[in-house]
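Protein chains in written order, with numbering that gives the first Met the number 0: chain A, 0 to 342; chain B, 0 to 261; chain C, 0 to 402.
No lab work stands behind these hints, which were simulated from the structure alone.
The beta carbon of each residue, even a glycine, is placed where N, CA and C say it ideally should be.
Honestly, I wouldn't trust all of these hints.
Unchecked claim - Computed list of lysine to aspartate or glutamate pairs in EDC-like fashion (alpha-carbon distance at most 16 Å, straight line):
#1 132(B) x 3(A)
#2 132(B) x 2(A)
#3 353(C) x 373(C)
Stated by the list, open to error - Going by beta-carbon spacing under 7 Å, a handful of chain B positions derived as facing chain A:
#4 1
#5 2
#6 12
#7 50
#8 52
#9 71
#10 72
#11 74
#12 76
#13 79
#14 83
#15 94
#16 120
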Amino acid sequence: MIEEFYRIERRKELGAILLLICCAGGAILYLSVGVVPVGLGESFRILLGYREGIDPGHLLAIEGIRLPRLIATLLVGAGLALSGTAYQSLFQNRLADPFVTGVSAGAVLGTTLAILLGFSSGFLGLGGITLFAFLGAMGTSLVVFILLGVLKRASSATILLIGISLNFFLSAVVSLLLFLHRNRIESIVLWTMGSVASASREKVFFALPVFLLGVAGIFASSRSLDYLVLGEDIARSHGIRVPRVRFRIILFASLLTSVCVSLSGVVGFVGLVTPNMARILTGTRHRSLLVYAALLGALFFLGADLLAKTLLSPSELPVGVVTSLLGVPVFAGLVWKSSRRIY
Amino acid sequence: MALLELQDLSFSYRNRPGVLDRITLTVPPVPFLSILGPNGAGKSTLLKILGGILEATCGTVAVEGVRIEPHQDLSTLLAYVPQSLHLPMEMRVIDFVLLGRPHAMHLTGRVRAYDVEKAFGALEQVGCREFWKENLTELSGGEQQKVLIAKALAQETKVLLIDEPVTHLDLRNQMEVLTLLRGLATEEGRKIVAVMHDVNQAREFTDYALFLRFGKVGAAGPSREVICRETVQSVFEIGVEERVGLFVRSSTKTMHPSGPLY
Amino acid sequence: MDLRENRHSREKLDHYSSLCGGRGWSLRKGWYAGWAFLLLFLTLSTGLLFGGGKAEGEGKLEGGDEAQSPILAPIIERGQEAKGKNHRDSSESSAIPIGPIEKSKPGEVQLPLHKENPGVDRGSALPQALFPLEVRDSYNRRVRLSTPPRRVVSCAPNMTEIVFYLGEGKRIVGRTDWCNWPEEAQRIPSVGGLQDPNIERIVQLKPDLVLASSHFQKETVELLESVGIPVYVGLAGREYEEVYRLIRSVGLLLGIPEKADEKVKDMQDQMERIRKKTEAIPNKPRVYYMISFGDEGDYTAGSDTHIAQLIRWAGGRNVGDVIRGWRFSVEGLVKEDPDMILVRQGGGIPLQLKNLSPYKELRAVREGKVYEIDIDSIDRMGPRNVEGLRYLSKVIHPELTLP
Chain A
0 MIEEFYRIER RKELGAILLL ICCAGGAILY LSVGVVPVGL GESFRILLGY REGIDPGHLL
60 AIEGIRLPRL IATLLVGAGL ALSGTAYQSL FQNRLADPFV TGVSAGAVLG TTLAILLGFS
120 SGFLGLGGIT LFAFLGAMGT SLVVFILLGV LKRASSATIL LIGISLNFFL SAVVSLLLFL
180 HRNRIESIVL WTMGSVASAS REKVFFALPV FLLGVAGIFA SSRSLDYLVL GEDIARSHGI
240 RVPRVRFRII LFASLLTSVC VSLSGVVGFV GLVTPNMARI LTGTRHRSLL VYAALLGALF
300 FLGADLLAKT LLSPSELPVG VVTSLLGVPV FAGLVWKSSR RIY
Chain B
0 MALLELQDLS FSYRNRPGVL DRITLTVPPV PFLSILGPNG AGKSTLLKIL GGILEATCGT
60 VAVEGVRIEP HQDLSTLLAY VPQSLHLPME MRVIDFVLLG RPHAMHLTGR VRAYDVEKAF
120 GALEQVGCRE FWKENLTELS GGEQQKVLIA KALAQETKVL LIDEPVTHLD LRNQMEVLTL
180 LRGLATEEGR KIVAVMHDVN QAREFTDYAL FLRFGKVGAA GPSREVICRE TVQSVFEIGV
240 EERVGLFVRS STKTMHPSGP LY
Chain C
0 MDLRENRHSR EKLDHYSSLC GGRGWSLRKG WYAGWAFLLL FLTLSTGLLF GGGKAEGEGK
60 LEGGDEAQSP ILAPIIERGQ EAKGKNHRDS SESSAIPIGP IEKSKPGEVQ LPLHKENPGV
120 DRGSALPQAL FPLEVRDSYN RRVRLSTPPR RVVSCAPNMT EIVFYLGEGK RIVGRTDWCN
180 WPEEAQRIPS VGGLQDPNIE RIVQLKPDLV LASSHFQKET VELLESVGIP VYVGLAGREY
240 EEVYRLIRSV GLLLGIPEKA DEKVKDMQDQ MERIRKKTEA IPNKPRVYYM ISFGDEGDYT
300 AGSDTHIAQL IRWAGGRNVG DVIRGWRFSV EGLVKEDPDM ILVRQGGGIP LQLKNLSPYK
360 ELRAVREGKV YEIDIDSIDR MGPRNVEGLR YLSKVIHPEL TLP
């Protein structure tokens, strides 16, 4: 029996490596597909740093458009998957997603304010919308923390209720603002549908450290998450300071979600479906679960964005639409066979 | 060294005052202690305070001479087994038991062989080794309880705190689990503290009994002595008769007509 | 628990509260703080925006705030194509198609036209002989007028402009917030926005006719008809011919069909003249009409829009011709690498493009060939398109001298 146990462990590791290879392959595919006809060989040469004999249009396409967009896609996919996993374990609920604490509504509010107040240009080439979306998202987390801090000993249920209330409240505020400025509805609605099309070098440059911080924080909490899944009492019996750990996890998960939402708008299903898929493949031990979730999320989102940018070329679909369409059958399948395990 | 030392221990929930009311008590080092009493008497609360899960409102607690403060990692001293597990996702039995070994994981995420051995060993002890691959939530009640105990065993602690181990099990499983616990207490040199409901079982299997009533100690003493007609009547405020009847034991052939109380 | 225990508990609660410090107050503090914060947040954001008003010159360039709904349009359009609907008549410009859409048959009258009627002036010498008349609008609805309309409410900026162009601006008693040309129009009381005009105000003004375009909701039409107010919804689509047809229809409705013919001919002549001049120029730069960019998505005028038509007539090649509808992509823009980019005035967009990647690498941006234009005369389908065309031609071919 013990041998079988180890065999399964090895299989899981191989699976992770396989996922990594798929991600790499997907990334290469992603870089070589697009409106500008850049050949595979040429894309490689550009990536490796050659500049002679390269058409500046192609250079711009690869370096300036597709590469940042690729990085943004991988970031968003992995980030949403990770924070979705963290929330599902924290709240002991398979249906939790990264937006359960109201962060997405905050981001939409931030974007709305940016568009309506005319801050679309922003600074440092970041784009006001990106900045405001991030601030709106983190601001909402701040409100959550303040509310939690003053209500001592808040339970998971309380946090979820706060999140739901914030979602409703902030959405209502956004609706009100949209109603007063009906002519701008379209921009805002489109942004909320989700799109990575406006990823740029600067945005990725600023997003990367925040992203890495969030990822580090979540991974550092993997042991706590392992116990939190079993319930507050068992976690406490293992010496885990539940309120403090909860705060930490929500902080880092919110950071991740905020970065993702500011890059891509509100993209549904990635953060909900991917953790469940990962759990089917590798179980609840968070060290490996988080890795699987991140890889699966990146892969899923990569595929979705690939479809979004090629289906109606040279036009584009909002990627949030694609993830929802793809996500529904996957989700239905997961729900149908609820206690499936592969490992 | 006493098993338990409680000094002026009090506890209140936010909306329920006086769950435990200034309890001062010393329990001698017995292998198997049972905590009995009517519902709402504070049994589970006391157990949780012992486990460092709840923080006492006032007073001090010491287990095996160690002061219990919350927020410590007591998982090498005490192992807590809850009444039931609400697991919304699938988890393998072996993964669950491995959680009892907090240092099982390398930095790389691989599980240490030593800990895997211990985990399987714990499953062996409770007789559930064949189930290691099953989903925890798909096991029967008795098997689940045994797995919970296995995890606690895997922690290799001196003390096991168990909240109502057999309340929801059928007769056979009840006997199996109680016999298992008895065996652990006697042979392995562990100390077990269990919250129980059945006074007959407590009398039969445990060494020392503590009766709680409305947050105060109703009675305390060696099980065979203190679990008697008068104590049970006054603690539970019910009529009690002594009768001779069937008392089930799982594997031992001897039947003690030891006067079960209904 | 019996009564004894309840008393016990209360005593105990007091006892414990005093012993170990009360917890009630900090809880209440928390609730108040949380609510105060949320209330503050709400007040701040609403307050900030009531001051904002309708943000002019900010954010994206709108492909026609009245007639066109560029963003929603292509999605609807494709949906209709998928359903195989026959929509030759400008479904692209209707955000919410109201009914069966067929080619309009304006001028379907029951009485012969009297071509010798003089031009109209409100209150005098209205050509009664034309009336009563029945016309079909762009949705094939019957619009019946028994007498020449004296009081007209215009619910679309291009309609307002058409009426003024025909010299009958005096008859307009109500307009939308967006109707800002000519100057006199702004002095007319407003009935509200495009999609949701204030129906009560319209009714209050007692109009004989309501002129509307896209954005007008079916419910509003039905409501107005139910109180006996005739509504004419006029749309113009891909072929520029339809704009002329629209002007003629409005002329007919107002009872001045000959004047309308005259004016239309005038427009056509002017457009022709400009077109001839630009046609002669061999070099036709590639023009990108940038409706929005960056975070707001890349939108331009597709091959089936009237804007594309205008650009062609102005002697340019519309980069957006590779798509139909409005939605483009930044990579497409990079690939097409236009010679010049047209953006809306206000908001400092050329500067923004210089600082935003990947736009800053575009040739047109680097060479400074990003031109701000006034979009109203181009977006709104109506008489001002002449001005728009002239403007476009000058921008695209600055060396041109135009009549």
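Status of each hint after checking the structure:
1. 132(B) x 3(A): holds (10 Å)
2. 132(B) x 2(A): holds (13 Å)
3. 353(C) x 373(C): violated (20 Å)
4. 1: violated (22 Å)
5. 2: violated (18 Å)
6. 12: violated (10 Å)
7. 50: holds (5 Å)
8. 52: holds (4 Å)
9. 71: holds (6 Å)
10. 72: With a closest approach of 3 Å, the residue 72(B) hint holds.
11. 74: holds (5 Å)
12. 76: violated (10 Å)
13. 79: holds (4 Å)
14. 83: Hint violated; residue 83(B) Cβ to chain A Cβ min 9 Å, cut 7 Å.
15. 94: Given a least distance of 6 Å, the restraint on residue 94(B) holds.
16. 120: violated (10 Å)
Taken one by one, the earlier hints fail for this structure at numbers 3, 4, 5, 6, 12, 14, 16, listed in ascending order.
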